[in-house]
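**Student:** The primary structure of each chain is shown beneath.
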Amino acid sequence: MTAGVATSRSGRWAGPNGFARLVHAEWTKFRTVRGWVIGTVVAALLPVLVAVLAGVSSDQRGSQTVPVGPGGEPVTDSFYFVHRPLAGDGGMTVSVSALSSSIPSGPADLEPGTVPWAKAGLVIKQSTRQGSPYAAIMVTGGHGIRMQNDYVDDTAGPPGPASAATVRRLRLDRSGDAITGYASADGTHWTKVGTVHTSGLGPAVQGGLFVASPPAVDGRGTRGSVSTAVLGDLRGQGNWAGGDWTGTQVGPESPTFAGYPRNTSGSFTGAAGRLTVTGAGDMAPAVRETLPTGGTLGDLLTGTFAALIVVVVVGTLFIATEYRENLIRVTLAAAPARSRVLLAKAAVLGGVTFVAGLAGAAVAVPLGERLARSHGVYVFPVTASAELRVEFGMAALLATASVLALSVGTLFRHSAGAVTTVTVAVVLPYVLIANPFMPASVANWLARVTPVAAFAVQQTLVRYHQVTSNYTPYDGYYPLAPWAGFTVLAGYAVAGLATAALLLRRRDA
Amino acid sequence: MRQALRAEWTKTRTVSGPLWLLLGTVALTVALSACACSVVSCGSAGCGDMTRLSLVGVQLGQAPVVVLAVLVVAGEYGTGMIRTTLTAMPRRATVLAVKAVTLTGIVAAAGTVAVLGSLASGRLLLPGRAFMAAPGHPPLSPTEGPTLRAALGSVLYLTLIALLSLGVATVVRDSAAGIGIVLGLLYLLPVVSATIGDPHWQRLLQRIGPMDAGLAVQATTDIHSLPIGPWPGLGVTAGWATAALLTGGLTLRIRDT
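Keeping their order, the protein sequence lines are chains A and B.
Going by my numbering, the first residue of the first sequence is number 1, and it counts up by one from there.
Going by my numbering, the first residue of the second sequence is number 1, and it counts up by one from there.
Source of the hints: derived by calculation from the structure; they are not laboratory data.
Just so you know, these numbers come straight off a predicted model, no measurement behind them.
Warning: the hint list may mix true and false statements.
[To be verified] Pair ranges (Cβ atoms, derived):
(1) B:P146 with A:E111: 28 to 36 Å
(2) B:T87 with A:N326: 19 to 27 Å
(3) B:M1 with A:R329: 38 to 46 Å
(4) B:G229 with A:A156: 53 to 61 Å
(5) B:P146 with A:D218: 26 to 34 Å
(6) B:R123 with A:G72: 49 to 57 Å
(7) B:L204 with A:T246: 46 to 54 Å
(8) B:M1 with A:V494: 51 to 59 Å
(9) A:G35 with B:T87: 49 to 57 Å
(10) A:D218 with B:H224: 54 to 62 Å
(11) A:G351 with B:R91: 46 to 54 Å
(12) A:R373 with B:H224: 29 to 37 Å
C-beta: ideal position from N, C-alpha, C; glycine also.
Next comes chain B alone, as it looks inside the complex (with noise of 0.2 Å):
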């Protein structure tokens, strides 16, 4: 297990795609957020959730997520390594494990560093955006409850979605797919449960979505008139990724490379 970890580590760090895409990440999701938080326009009943505001950037940044942890299995297929890394390691669910491992461990990393930067562009913008006059606003902080959970949850939210993405992967075996798919899942049941006129579908299908469950950890207000709590939210995400990591994983056990 050790040295499969460290193989797969070597495989990460020596290509410079992993890299970029967690610059990406980064960078998006902190430069989502500041735009955010600097357009952002409060009718007289208020502006809402300014955590959850600052923090609107991982909903760009889970992208290049997506796309990092896609590639590290189906990059593999595309070039034909996926054969010399099973007859190197033939235990499959070992490979699928240690890819897993090693993709939370630099999207937590990378998660960490995105969450932050938001936060504190929240910090540095919402003020300007004439906030804090009003009373019951105080400057964000990462270490006041709520905040600190939307922090902590929007991190393991980006590292449940990438291991979503990796267990689809698996299972699709090609890059274009994968993504298409993944990146489907999350982006379309937002605007599809938008359209459902009936609230109670809609509420069902808030619940139930990846991106809209996972991302009710952000909230800091309002939390018994959301579709679903914060923690049951992120545990939905956790329930997709299970599945799919479950399914992958099978998959790779059952069928020829």
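So that you can see chain A by itself, here it is in the shape it has in the complex (with noise of 0.2 Å):
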């Protein structure tokens, strides 16, 4: 008899048909509750709402235009260039016997210091316009030769540094797009760094020399650097313009260039067979940084931690409220198979979240983006497909976010302690990595380890090894790739849907 009854009950739940019942059961109880829908909806709108804020509260109207390099990304694109023009084919060579920089480390007094990335070497640009496409070889100050072109690509040369006792030459030759660097340290032996083609450069182009030097990292912020070389033998092959060398500070207006030290400017003394040039910026790929004005998507979707709040709330209620409500009697009796029950309350939660997370998000990010591009401001630039993935992504964050709030509301039962123990657990790690006098080491641990790994799908800005800089969550940058900072909430969430599950067969309703 008992046995008769226990069949025809797990019977009519059991199968894909039965899931699907409870599914729609679950579904009934969570559509009809106002409360949560209300939750839902207002989880949607939050989002929209923070990113309309934030871009009608921005004004940047008149600010200097970024300069955008030939990939369509912010450049910093300033520099002091020693040049000629140069009609079609040619090359030059050149010999460093010194690269030094200086950091200032008061108001008034510069001190000698270490720029990895300060940069003097040959140079051969489009023109002296914010942008242009160009190649370079250069002695940087701690990573040995480089060949850079473009802003972003970098070939890694022969190492070590430029002093009088290792006087490192270099070349640079031009044939059509081609352009081919060398390094020798004799002049005799040159050994070939690159080739790289860069389009867009034009039958004339200056060439000639150039140093720059990045701002220096100095704890959570940089400070502007200048750097000085000393050059020589200077020679061209080919059609070279007579007359003087220009020397030229490119770029001192953009927004991506810090400026010079105090009492400090770009300059070039002496003759071709002696300069000495010293120079500040840069020849790079902008970083959150060095454009600290532009914003990214993340900073449009900050609605998303307001929405998650809501969804941790409604998504503790969704079983909290059954065990308020002894409800969760009856619904045990009637599906008995408890994984099931949690399981399908688990479906339905999740999938109501993500269909309201990716409504909200696909309405905020290109109005936010809209809005603050009319407000003047930059906007890091993203690819389509990264756009999406940062929609799906906030959906998919808000909706694992549910389903943790869910598992951890049937461990303990109870609302108040579940909703503050997931809200801690996603507020207290994204406070602190808010938080700019973090360390960078313990905000990117944070951002490892705990739940709010997952908010590196909101990431669009790319580090670049040859941008020294503080790669840190508050400016944008996350240690995790984005899909790789999801999947550790979403382990949290599954962990905590298994033990919900293991907890709930074996407790007592």
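Each of the two chains sits in its own frame; use the hints to bring them together as a complex.
**Tutor:** See the structure below:
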């Protein structure tokens, strides 16, 4: 008799059809509680609201245009350039016998310092226009000889610094769009560093010497530096224009240029036999620290955090209310397969939250970008696929967090403890990594192991090994790749769900 | 009133939840403060406000206070106890008042321990971060004017947060919703204000947010560059708490249980 009842009961809820019924039952519970539906709608609206607020409240109209490289990315294109026009193909050689940098230690005094990416060498550039294509070979402060082109590309050459004892010789040849860089220690044996293809150079280019000196990282900030190089034996091959060399500070007003330390400026002295060139700035992609006024999709989606708290409350209540109202006994009597009940709840909650989150993100991202741009804010560019990833990532983040809240709610069987636990587990690391004074190591560790790792799905900035900067979550750089970060949160949710299922089976209702 | 207070105190004393939450407040406050003091990295410009740094744990320690205060009233709704309470004490304003008084007492007591513990951790740990070598960085002392204000203000801040939570919980009558609303109110506004590009709006949000404004009381240096002064800032939090309590009292009075 008992066996018969059990069979008929479990038969009704067994199989794929049975699970569909369970899902339907949970969906009916969800949609008929007004507070949960309102909460879900609010969770979708909050990111939109914050994106609009962030867009409308900013006003950078009239600020300097951000230089953009050939690849469309924002760049720093500010350096000291000693140049002459070169028509058609040709080349040049130079020797570098010193490259030293200075960093201000106080308001008035400069101290010698190490700037690993200080650069001195040869460059062929379309023009002195901001963001124009170029190819260069250079001695650096701490990374040996490098060949770089079009801001983002970097090829390593022979290592070691330049000094009076180890004079470095550099050579740069142009043949159409192909530019080849060579390095030599003695001037007779040349090693090819690389050949790069730079399109859009045009028939007549500017060629010559350059010195750049990017800001040095100091604690959580940076300080502008200045570098001086001693160069000699400058020889040109090909159709170089006659006359004197011209010294130009390229991009002096650029928003990505931190300027010179006080009482210093770019200059060159001497003749082709021996030149002393002083410069600051960089020829490199812009990062968050060099372009602090720039906005990212992650900034526009700060409302995700607000939506997260609402989603956590709704997710917890979805199970805790059953315990409070003793509905859980009816639920488990009707569907004795307890894990499946929990799965059905997770499916409904996760599905609804995903849809709401996606709707919110799909409105918030384009709207926020549009408003920010119309208020003169430079938004770091993203590809269409990255934008889609940010939107789906936000929806997945909210859905997974709601499942985590559901699991913790099942463990606690009590809404207050569960809401606080999940909120603090997410809020605390988020508040900590959003603090600019947090040391990078601690912030990066938090963004690896805590649920906030999932915010990596909103990352749209790119790190460059050839730009020294504080790459921290505060600046929009997460230590994990987008979906790897999401996996950390998903891991917490899956572990929570498994524990909840286990306890739900073993415990009395 | 005396009997009502006694009844409320008995309720608080005889369940284990409040004690654990108060211990949690002390532990979390001191732990976060100690962590912050031991990992702080200082640029050449110095490390800023040391008192504020060693009281940073209050930002976390307020979470258990919120839970405690919400549960004081929403817990009764959850179990149906509220009907018994209101039958025994038909004057609803009195019910809320004694809850507020009891809560103030226990939160102030735990808050004092938490704040003194945080200052002590700062005093012990900060010299290890090469602070005291620089001139103008005397050891933290709770008897010195601005530090005393920061310490006292932090205790008052925790109390006001408890009262704000009590008011909100009385209005929503549900613990999860109450905790969600108060924690959202506290933690969201600072995060949102950080994304606001316009400094004018940003300062406005920092002036009206219950956490940003209230914690201005912890500042001991550069007071003139703050969006809001220490005591006016705490006044803003007090305004939030008063408004929440009044709304709670009013809804408790006019509504059925």
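**Student:** If a hint holds in the structure, say so; if it does not, say that too.
**Tutor:** Going down the list of hints, with the structure as the test:
no.	hint	in the structure
1	B:P146 with A:E111: 28 to 36 Å	holds, 34 Å
2	B:T87 with A:N326: 19 to 27 Å	holds, 23 Å
3	B:M1 with A:R329: 38 to 46 Å	holds, 41 Å
4	B:G229 with A:A156: 53 to 61 Å	holds, 55 Å
5	B:P146 with A:D218: 26 to 34 Å	holds, 28 Å
6	B:R123 with A:G72: 49 to 57 Å	holds, 53 Å
7	B:L204 with A:T246: 46 to 54 Å	holds, 50 Å
8	B:M1 with A:V494: 51 to 59 Å	holds, 53 Å
9	A:G35 with B:T87: 49 to 57 Å	violated, 27 Å
10	A:D218 with B:H224: 54 to 62 Å	violated, 26 Å
11	A:G351 with B:R91: 46 to 54 Å	holds, 48 Å
12	A:R373 with B:H224: 29 to 37 Å	holds, 36 Å
Going through the hint list in order, the structure does not satisfy hints 9 and 10.
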